[in-house]
Amino acid sequence: MEFFLQLLINGMALGFLYGLAALGFVMIYKSSSVLNFAHGELMALGAFLFLTLSVWAGLPIPLVFLLTLAGSFALGFLVERLFLRPLIGESLIRVIMLTVGLSAMFKGLMLFIFGGNLHNYPDFLPEGLNLRFGAIQIPSVYVAAFLMGMLFLGVFGYFFKYSSQGIYMRAVADDQTAALSLGVHVRRVFALSWAIAALVAAMSGIILGIINGINVHELSAIGLKVFPVVILGGLDSIGGAIVGGVIIGLLESFTGGYVSPSLREVVPYIALVFILMVKPYGLFGLVEIERV
Amino acid sequence: MDDDILLLINNISVVYSDVIQILKGVSLSVRRHQIVSLLGSNGAGKTTTLRAVSGLLKPENGKVTEGTIEFDGRPIQNAPPEAITRMGIIQVLEGRAPFKYLTVEENLRAGTATRWGQPFKKDLELVYHYFPPLKARKDRQAGYCSGGELQMLAIGRALMARPKMLLLDEPSLGLAPLLVKEIFEIVRRINEEQGTTIVLVEQNANMALQLAHYGYVMENGKIVMEGPAVDLRENPDIKEFYLGVAASGALKSYKEVKAYKRRKRWL
Numbered sequence: 000m001e002f003f004l005q006l007l008i009n010g011m012a013l014g015f016l017y018g019l020a021a022l023g024f025v026m027i028y029k030s031s032s033v034l035n036f037a038h039g040e041l042m043a044l045g046a047f048l049f050l051t052l053s054v055w056a057g058l059p060i061p062l063v064f065l066l067t068l069a070g071s072f073a074l075g076f077l078v079e080r081l082f083l084r085p086l087i088g089e090s091l092i093r094v095i096m097l098t099v100g101l102s103a104m105f106k107g108l109m110l111f112i113f114g115g116n117l118h119n120y121p122d123f124l125p126e127g128l129n130l131r132f133g134a135i136q137i138p139s140v141y142v143a144a145f146l147m148g149m150l151f152l153g154v155f156g157y158f159f160k161y162s163s164q165g166i167y168m169r170a171v172a173d174d175q176t177a178a179l180s181l182g183v184h185v186r187r188v189f190a191l192s193w194a195i196a197a198l199v200a201a202m203s204g205i206i207l208g209i210i211n212g213i214n215v216h217e218l219s220a221i222g223l224k225v226f227p228v229v230i231l232g233g234l235d236s237i238g239g240a241i242v243g244g245v246i247i248g249l250l251e252s253f254t255g256g257y258v259s260p261s262l263r264e265v266v267p268y269i270a271l272v273f274i275l276m277v278k279p280y281g282l283f284g285l286v287e288i289e290r291v
Numbered sequence: 000m001d002d003d004i005l006l007l008i009n010n011i012s013v014v015y016s017d018v019i020q021i022l023k024g025v026s027l028s029v030r031r032h033q034i035v036s037l038l039g040s041n042g043a044g045k046t047t048t049l050r051a052v053s054g055l056l057k058p059e060n061g062k063v064t065e066g067t068i069e070f071d072g073r074p075i076q077n078a079p080p081e082a083i084t085r086m087g088i089i090q091v092l093e094g095r096a097p098f099k100y101l102t103v104e105e106n107l108r109a110g111t112a113t114r115w116g117q118p119f120k121k122d123l124e125l126v127y128h129y130f131p132p133l134k135a136r137k138d139r140q141a142g143y144c145s146g147g148e149l150q151m152l153a154i155g156r157a158l159m160a161r162p163k164m165l166l167l168d169e170p171s172l173g174l175a176p177l178l179v180k181e182i183f184e185i186v187r188r189i190n191e192e193q194g195t196t197i198v199l200v201e202q203n204a205n206m207a208l209q210l211a212h213y214g215y216v217m218e219n220g221k222i223v224m225e226g227p228a229v230d231l232r233e234n235p236d237i238k239e240f241y242l243g244v245a246a247s248g249a250l251k252s253y254k255e256v257k258a259y260k261r262r263k264r265w266l
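Chains as they are written, first to last, in numbering that gives the first Met the number 0: chain L, 0 to 291; chain W, 0 to 266.
Everything labelled a hint here was simulated from the structure, so no lab data went into it. Relax, there's no trap hidden among the hints.
Simulated DEER-style distance windows between Cβ atoms:
no.: 1; chain 1: W; residue 1: E59; chain 2: L; residue 2: M104; range: 30 to 38 Å
no.: 2; chain 1: W; residue 1: E59; chain 2: L; residue 2: L4; range: 58 to 66 Å
no.: 3; chain 1: L; residue 1: M104; chain 2: W; residue 2: I19; range: 36 to 44 Å
no.: 4; chain 1: L; residue 1: G212; chain 2: W; residue 2: E59; range: 45 to 53 Å
no.: 5; chain 1: L; residue 1: V154; chain 2: W; residue 2: I4; range: 44 to 52 Å
no.: 6; chain 1: W; residue 1: E191; chain 2: L; residue 2: K160; range: 35 to 43 Å
no.: 7; chain 1: W; residue 1: K62; chain 2: L; residue 2: A220; range: 42 to 50 Å
no.: 8; chain 1: L; residue 1: L223; chain 2: W; residue 2: G24; range: 55 to 63 Å
no.: 9; chain 1: W; residue 1: T64; chain 2: L; residue 2: L77; range: 33 to 41 Å
no.: 10; chain 1: L; residue 1: L223; chain 2: W; residue 2: N9; range: 55 to 63 Å
no.: 11; chain 1: L; residue 1: E287; chain 2: W; residue 2: N41; range: 25 to 33 Å
no.: 12; chain 1: W; residue 1: N41; chain 2: L; residue 2: H216; range: 54 to 62 Å
no.: 13; chain 1: L; residue 1: L223; chain 2: W; residue 2: Q117; range: 38 to 46 Å
no.: 14; chain 1: L; residue 1: L124; chain 2: W; residue 2: K137; range: 44 to 52 Å
C-beta atoms are modelled at their ideal positions from N, C-alpha and C, and glycine is treated no differently.
Turn these sequences into a full structure, and let the hints steer you where they fit.
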């Protein structure tokens with residue numbers, strides 16, 4: 000029983016991280032229908048920025064935190080401005096191929112600067128976050144992952160549902176020409192969604208970095224795991240990203256614990272196939288509205 | 000220049016993809032607080048004219064290559080739609096183009112993009128006042144609304160921007176005659192009560208000429224006829240060709256119907 004609970008908690012926490020990573024991905028897809036293959040690299044960039052500022056520059060952690068978030072926000076903005084904006088109006092597949100190129104470029108850049116070795120953060124999470132119930136122990140990183148997931152989910156859920164800017168973003172995703180006709184600043188919406196995506200990606204990159212250490216290859220591989228998560232949850236659903244993440248996290252954790260650790264990487268994809276056979280739009284995806 | 004003129008299109012040519020010329024020297028003017036209707040058959044260039052004004056040519060790879068468009072005395076040809084909408088010109092697209100996955104109220108709120116950050120509660124009330132059916136549906140996804148509701152939504156959404164000028168592209172498309180009448184009546188009230196200048200593109204010449212103060216007839220990318228709506232309604236060619244009422248009772252030959260065009264050309 001304790002083993003089960005431990006696996007459950009580990010899986011949930013891992014799942015929240017996947018969900019958090021997927022949030023940024025969903026953000027870009029929702030506003031511009033672009034599948035961002037460079038998402039794992041955005042995560043890694045955030046993690047390395049945090050590392051550079053905290054370990055090498057030696058700044059206090061809260062400041063590092065803010066600077067990293069601001070930095071990745073700016074980075075996302077810049078990426079959109081420099082690489083994606085010239086492609087507005089081009090076919091979607093070109094834009095998607097561009098993100099593949101971006102991913103290779105960022106990866107190469109990070110390998111060049113930081114090398115392929117494993118780096119580690121200093122231990123900075125407060126001891127109080129380390130929860131213990133009887134024999135079950137929840138490491139502070141997992142608690143942090145959970146809290147961050149909830150926080151971002153709430154903030155973005157509110158943002159998209161109620162704020163005007165969020166509604167403009169959804170409007171652009173829905174019908175770009177109509178949005179233009181109403182004066183929505185479509186380019187600004189794209190830039191904003193990339194900036195937010197990079198920010199959330201950095202956030203999840205940092206937490207993953209605390210758990211596993213920071214390594215370019217590993218973080219960009221997790222970027223790929225975003226795909227089953229978002230497809231499962233529905234490509235355009237914020238809540239779906241989190242739920243999809245948690246499902247994938249739990250599947251991995253239970254398979255690793257009860258069946259075989261070597262299966263844990265495969266099972267999510269198998270489950271994905273079955274779920275999509277039943278719900279082709281994902282669990283929370285928008286069902287295509289067709290007027291007849 | 001006449002101070003009363005809000006929109007002045009002076010001899011514009013529009014070319015798509017650098018080769019396909021759609022408008023060949025179109026000139027028209029729209030007076031403040033009036034309804035001007037633009038008639039013509041499919042492919043005459045009505046929608047292109049509207050898009051040239053609203054700046055929506057660019058996404059379609061089109062461009063104003065000659066001539067000028069002045070709004071309130073300022074040139075706006077080839078300006079980006081973000082700038083043009085902020086000057087107070089909002090186009091209601093043909094086919095209504097709702098944001099399908101947004102609720103009715105969210106659709107309306109999307110109309111506030113040109114004045115982001117300002118309060119919009121009063122404008123919502125105003126839109127609901129003109130279009131009561133929208134209020135009943137406000138939390139429903141727009142994709143599930145009927146055609147008439149969507150047309151109301153499209154106009155209402157544009158009203159949220161507090162436009163000086165509305166460009167309506169075929170609001171009667173695919174609607175039942177009674178509903179068309181209702182919507183045109185609301186358009187008239189908006190024009191009278193809000194003072195919004197309206198450019199109305201229509202196939203339904205009969206309805207459009209009853210509503211409008213002034214009318215233009217387009218064909219093949221040119222204006223072939225213009226005049227006060229009352230005169231146009233009585234014009235035998237218009238009667239014949241657009242209103243379907245032949246003077247002699249029988250339909251005249253195509254050549255004769257087109258007589259006005261030749262006349263205009265040799266003037």
